[in-house]
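Line order of the protein sequences matches chains Y and E. For the first sequence, the working numbering begins at 421 and goes up steadily by one. For the second sequence, the working numbering begins at 531 and goes up steadily by one.
To be clear, the hints were calculated from the coordinates, so they are not data collected in a lab. Ideal Cβ positions, reconstructed from N, Cα and C, are used throughout, including at glycine. A couple of the hints might just be wrong.
What the hints assert, rightly or not - From the derived model, a few chain E residues whose C-beta atoms are all more than 10 Å from chain Y:
hint, residue
1, 603
2, 657
3, 668
Stated by the list, open to error - Facing chain E, according to a computed beta carbon distance under 10 Å, are these residues of chain Y, among others:
hint, residue
4, 479
5, 495
6, 500
7, 502
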Amino acid sequence: MPSSEMFKQGAYLRVSGQLQYHDVDSVVAVIQDSSVSLKIGTQHLREISFRANSMYQFIGELLIGPENDAILQARIGRNVDGLDLNLY
Amino acid sequence: MDSLHLVHVKILAADLLSLTIQHTSPPSFLRCGRAVARAEFVGVVVSRERRDKFLRFLVDDGTGCVPCVLWLNHHYLNANTSSGALDSDPTAEMALKMSEEVRLGTLLRVRGKIVMYRGEIQIAVRDVVLEKDPNAEVLHWLQCVRMAKECYDLPPNFAQEEETAAEIQYFII
Chain Y
421 MPSSEMFKQG AYLRVSGQLQ YHDVDSVVAV IQDSSVSLKI GTQHLREISF
471 RANSMYQFIG ELLIGPENDA ILQARIGRNV DGLDLNLY
Chain E
531 MDSLHLVHVK ILAADLLSLT IQHTSPPSFL RCGRAVARAE FVGVVVSRER
581 RDKFLRFLVD DGTGCVPCVL WLNHHYLNAN TSSGALDSDP TAEMALKMSE
631 EVRLGTLLRV RGKIVMYRGE IQIAVRDVVL EKDPNAEVLH WLQCVRMAKE
681 CYDLPPNFAQ EEETAAEIQY FII
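The whole structure should be built from the sequences, with the hints applied where relevant.
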């Protein structure tokens, strides 16, 4: 279980990462930052196109399942290709 | 006289929403003892509500969410004598055009007047710029820190002395 204090049910978070894939059927995307990946629920997103390996930023609420598996239910998503992550 | 209240101070949402409110009529706002009236911030639109006379939206800059209102009814702007319509206020046409830039998920630079609405600070929007470079937000954070350190957070007396010295220098020249 992640030790971050931000890892709690309903936490309102902004996350950034490289898109690994987006499953249209389950409306779930997976983003990765270094060796860590996170599922993103994308059913509420509109006017966004998903490109594998592009950088994305999502804002939404964290939902934690019974086995501590987490998914961020995104309200907002945007492509942030070109974002200087070191500066960020 | 402190000129800070004449400019759009570059500010983070957390600082904007924690300004000291002076319950004058109209309300005024202080940051480290200095009056501020206008603000500029950069963030992502996370909610949007369109009505006939206004567009209400929320901008998240990573430190907080700033409630914003963009008035769309030019006749209403002119009739609102308590705030006083200025030449710098957007026209109805400009406001409509700006409202089209306000879409969920877009990164915006917002400038406007700091006002109170139902006990909460919000921004009466003067202009909105779509920021296409995602680094614009990070740059704004850095500018806020720098401006606070070099200008905004200086004590009022120190700031006035700096301005007086600058004025004396001007007359000598």
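Checked hints:
1. 603: 27 Å, holds
2. 657: 21 Å, holds
3. 668: Given a closest Cβ separation of 5 Å, the condition is violated.
4. 479: Constraint on residue 479 of chain Y satisfied, holds at 6 Å.
5. 495: 6 Å, holds
6. 500: 4 Å, holds
7. 502: Hint on residue 502 of chain Y: holds, closest Cβ of chain E at ~6 Å, below 10 Å.
Checked against the numbered hints given earlier, this structure breaks only hint 3.
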